[in-house]
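Chains as they are written, first to last, in this note's numbering: chain B, 1 to 549; chain E, 1 to 623.
Be careful, since some hints might not be right.
Claimed, not checked - With a straight-line cut-off of 27 Å between C-alpha atoms, the simulated DSSO-like cross-links for lysine-lysine are:
#  : chain 1 : residue 1 : chain 2 : residue 2
1  : E       : K278      : B       : K201
2  : E       : K496      : B       : K245
3  : B       : K274      : B       : K315
4  : B       : K229      : B       : K323
5  : B       : K229      : B       : K367
6  : B       : K229      : E       : K194
7  : E       : K609      : B       : K75
8  : B       : K201      : E       : K71
9  : B       : K534      : E       : K128
10 : E       : K194      : B       : K367
11 : E       : K98       : E       : K496
12 : E       : K128      : E       : K540
13 : B       : K274      : E       : K540
14 : E       : K71       : E       : K278
15 : E       : K278      : B       : K261
16 : E       : K496      : E       : K180
17 : B       : K65       : B       : K370
18 : B       : K65       : E       : K609
19 : B       : K201      : E       : K540
20 : E       : K194      : E       : K71
21 : B       : K191      : B       : K315
22 : E       : K513      : E       : K540
23 : B       : K187      : B       : K534
24 : B       : K261      : B       : K319
25 : B       : K247      : E       : K278
The set of hints was computed from the structure by calculation and includes no laboratory data.
The lines below spell out each chain.
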Amino acid sequence: MNTQQALTISGERTTGDTVRTQNVMAAASIANIVKSSLGPVGLDKMLVDDVGDVTVTNDGATILKLLEVEHPAAKVLVELADLQDQEVGDGTTSVVIIAAELLKNADELVKQKIHPTTIISGYRLACKEACKYIQEQMTISTEELGRDCIINAAKTSMSSKLIGRDSDFFANMVVDAAQAVKTTDSKGVTKYPIKAINILKAHGRSALESVLVQGYALNCTVASQAMPKRIQNAKIACLDFSLQKAKMHLGIHVIVEDPTKLDAIRQRESDITKERIQKILDTGVNVILTTGGIDDLCLKYFVEAGAMGVRRCKKQDLKRIAKATGAQVLVTLANLEGEETFEASMVGQAEEVVQERISDDELLLIKGPKVRSAASLILRGANDFQCDEMERSVHDSLCVVKRVLESRTVVPGGGTVEAALSIYLENLATSLSSREQLAIAEFANSLLIIPKTLAVNAAKDSIDLVAKLRAYHNTSQVQAEHADLKWCGLDLIEGVVRDNKAAGVFEPGICKIKCLKFATEAAITILRIDDMIKLAAAEKPDGHPGHGH
Amino acid sequence: MQSVVPLELDTCLSLCSTLEALLLDSIGPNGLYTMITTSDDSTLISGDGYTIVTSLMLSHPVARLIVDHMKSHHGKTGDNAKSFILQLTEILRHVSLKEGGSVTCGKRQQLTELSHGLAELHSVLEDKLVPELLKYCVFTTVSEQNRGSVEELCLKIIRTNLAGKFNPRSSKHVSEVLCKFILESCSELSQLDKTLLYLLDHFEEMVIEVTNESVLSSRIINGAILTRDFAYKSSNLVSFPQIKFMVLNTSFETITPNSASSLQISSTNQLLQALNFKTTYTQTFIEQVKAQGINLIVSAEALSEAALYICRKQDISVIHMVPAEQIAHIAHIAQIRTFNGPDDVIDESTIGTAEFCHSVLIGNSKYVNLGISTKQLILCSPTKGLCRQWYTAVHNAMKCILMWLNHEQIIDLQKLAKSHEQGTDLHESHSTTCSLDQKGDQSTELPDESCSKDKTGSRPPSEMMHNRDEMPDTNSQHLHGISIQGGGAVEFLTSKILSDISLSPSTSSALSKTSKLVAESILCLPRSLYANSFISKTAKNSFIHVQNRIESELSTHGRLKGIDGKSGRVCNLVELDVVEPILAKYLLICDVVKTAQELLRIDAVIGVKGSLKDIRDEETDND
């Protein structure tokens, strides 16, 4: 036995300050990529993949998700953005920028011989206080402001995007869509399952011709020209199998002696499907949606019955339609007794199913589903890129609207919260006599990166603007008669400081709180690392017991 | 992170310039052609901008983005591929000049401002540009009473669209044939837009390419063409006044079950029975067909020799191995359903009637012409490559006509235009005269409103106002075509309107900057049109002079003129039958502005791992 072997590490090891500096730099480089896309005047990024496909986007989550990141610390940041995207759906860019700034400032402190654990506890404390401050001081109830504030929150989230120009139109549409899918459970809790909103894209025409359909839009057409294109009081069957001539499974071989029997078998094969269709039609079904195919002969039966048959629907769509209309997605007609039945309870209902031409494609719209309201957005844009980017922006806005509706609170945007917090935390820091004071002060300082970046991106004098902003917030917190100044934020088009509550720049409060929490957590995670071991690729254990499988 | 590359304006500009250089000489009716050679030595000579640009291998992602934008514009309008690239390049060039050459970090912000200005401009276009443009447009009611003028205008639009892409004589012939084809396919002119949509959807079935014949022999054939010959032709098929036919989707001879099966034979008797089984079956089926009085079977699949033999005996003509699309097309036109194999029953809904059915020789192949109520366009051309070009050109020309009719985007704005007009009476009377003059010139009369029209006399303005006011009302019931003269006239007009916007005190600084910029750069189109014309380019004849003349004509007399791409003369292009649909022109400006705006907004190119498509698909699967 070689005792030396057991102690060495098969790989590289970096320790101490070097690893921290490396991590901070990696985080900063990630933040730098998305930095310029923050704010209403942010710029877009062009993403090019291996095969040369191009996407143009402003969405931080999308950019980071696609980045080729190897450094572990950078990966933490990318995951952070993803987390924010899943949890809130907006504020992905800011969370990354804040986390990187927190790290940068922490690194400075460490260089001044302050122990990372002190910084960590300082950051924790600062974050807790900041969240408390947001909840107590900065939030505005949506009841106070009404529907307008929800629309304004949606507008704020899309201001930096391609559809920012038409934000009035889209904000209204998004809010309507979110409200269309509102559900209240037995405990009286209202939910807005925005996943139930189906977003379809059709290119041609201008963005302003996008429409909200109260119902479900399906990117399929009826299987035969002879079928009706509009059915009132639709009864819908959702099938997850093909309506084709029945066929024995592989390996089953039929041997016949009389050639006329062959004909009988064939006859039987087509009769099986015919009987199935008959069973379905007998329940009064007039719209049949299936994930599989419908062969020409079966189409004939549907045409004769005046029913709509739609083939090759996406399973995902069918599931949602089934949920909305109260239908059951059937994998087979066989029941527990082994007989084939189709019962009326498996049928879903909707007021109307209609096929309409939108742009170059025909779409099937299921209007007024019976069980649960559904909404579909049909986005129109000049081309695929635009449609894709619109979809992402609309999705973000939907998330924001959902958060606002569920939490019923908003906070003013445009750097207002960050500036207020920085003043508040600085004052808090001075009141503490422990070492955490420095960390809290740095935390306060780090938050200013948001208004700074906003101003820089808008080509305004960031130093001047941020100084003014801080002055206003300081006044509001120190002098009680000027408390109203706490709503001051940046106007990035004009380059001035204004009251963002009056201007209607809102973000969901939860977004800001989560953003701070996540950024702090990520910063702490990276800060705690003082030793990095990069293992060499594991050698193949050959003949090792226990690796038999 | 070496995969993140900042994107400079200069890069965009140089990419655009490369594309522009390829196209510059092929603008206008005197345009030159480009020869494209592939690695496997096949060559293509074309003057079509879309063909040239899309045949390039572009490695830079930004170039691909630009071309993709161009494609999407072309897909909608079927025209303007060259103009798109040209105008985009010119806008970028002006931006670059404004910023004084290379763009550094600090100047990025100015670009952002310009990009926002362009976005603002885009929203202004609809309110300001459309009403002005509409004043110079020609409105044509598309209805049966007006057939003559509709036909004339259609022809003009198609000819303008095809001009410069092919030699004049063949373009003339094809445009005449195409125009006739479109109008004859349309039973009721007020449904022309729907007919066009149908034609475009079924373009492959409606148009047949034939090589080894002169373009001049392109023609229209009544009835449908099946690109197969008779497998068996009954001698008295021609004698029937009405031919009853059925279309088979699958072969009626597939009588074996889907499931794997085999026949076990244990005696001679059984063997005989088995041998006869299929023949008997086929025989019964064909007898059944005969009993229904059917004289023609059109089948997608091949019929066996035995089946053919029985058909021959029963005197039923057969065409088999017809492509499935043609089968579906015929079934749709004849309003019958296809017959789906042995389990189906023959009834009224499967039997169609045709007026005639005979073999025709098209090119070198023998096809069958089936007399059902449809038309078929035969496009002839000496070589295959050229044929393909004609094919796409005809497709695009159809889209162009659709653009002429499809103006929902502008129609709402017309009311807006009206409200604008009331404010500017003086200017209005001028422009109305002008537009009426144009109508007089080409005798596109509006049947209801303009009852009497003399070409020389101009009527009092009040009456004209009345005339114009009525038009939006009729729009709601009738289909209208809106067209405007080509030859750079629209560009001059747009340029003037945009400079007016930029000078107006109420516009913001960003908007004023960008509208001036676009106003200047949009003139690149007439400039290159002029440069390609035959006029001798002396100092006296320089473009600046021409530009001056046209602009002064426009501002003092309110008369819109353009440049004749052939001779380089300044004239009213309507007289020369150069007419373009207004919507296409308007969309061009919109799309170019939008693309430029998007390009200016991009600040970095990032390489990513994997494929964007895969990731997108994953996302949709997950939720």
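task: List in ascending order the numbers of the hints, as given earlier, that are violated by the structure.
output: Of the numbered hints given earlier, those the structure breaks are 1, 2, 9, 12, 13, 14, 16, 17, 19, 22, 23, 24, listed in rising order.
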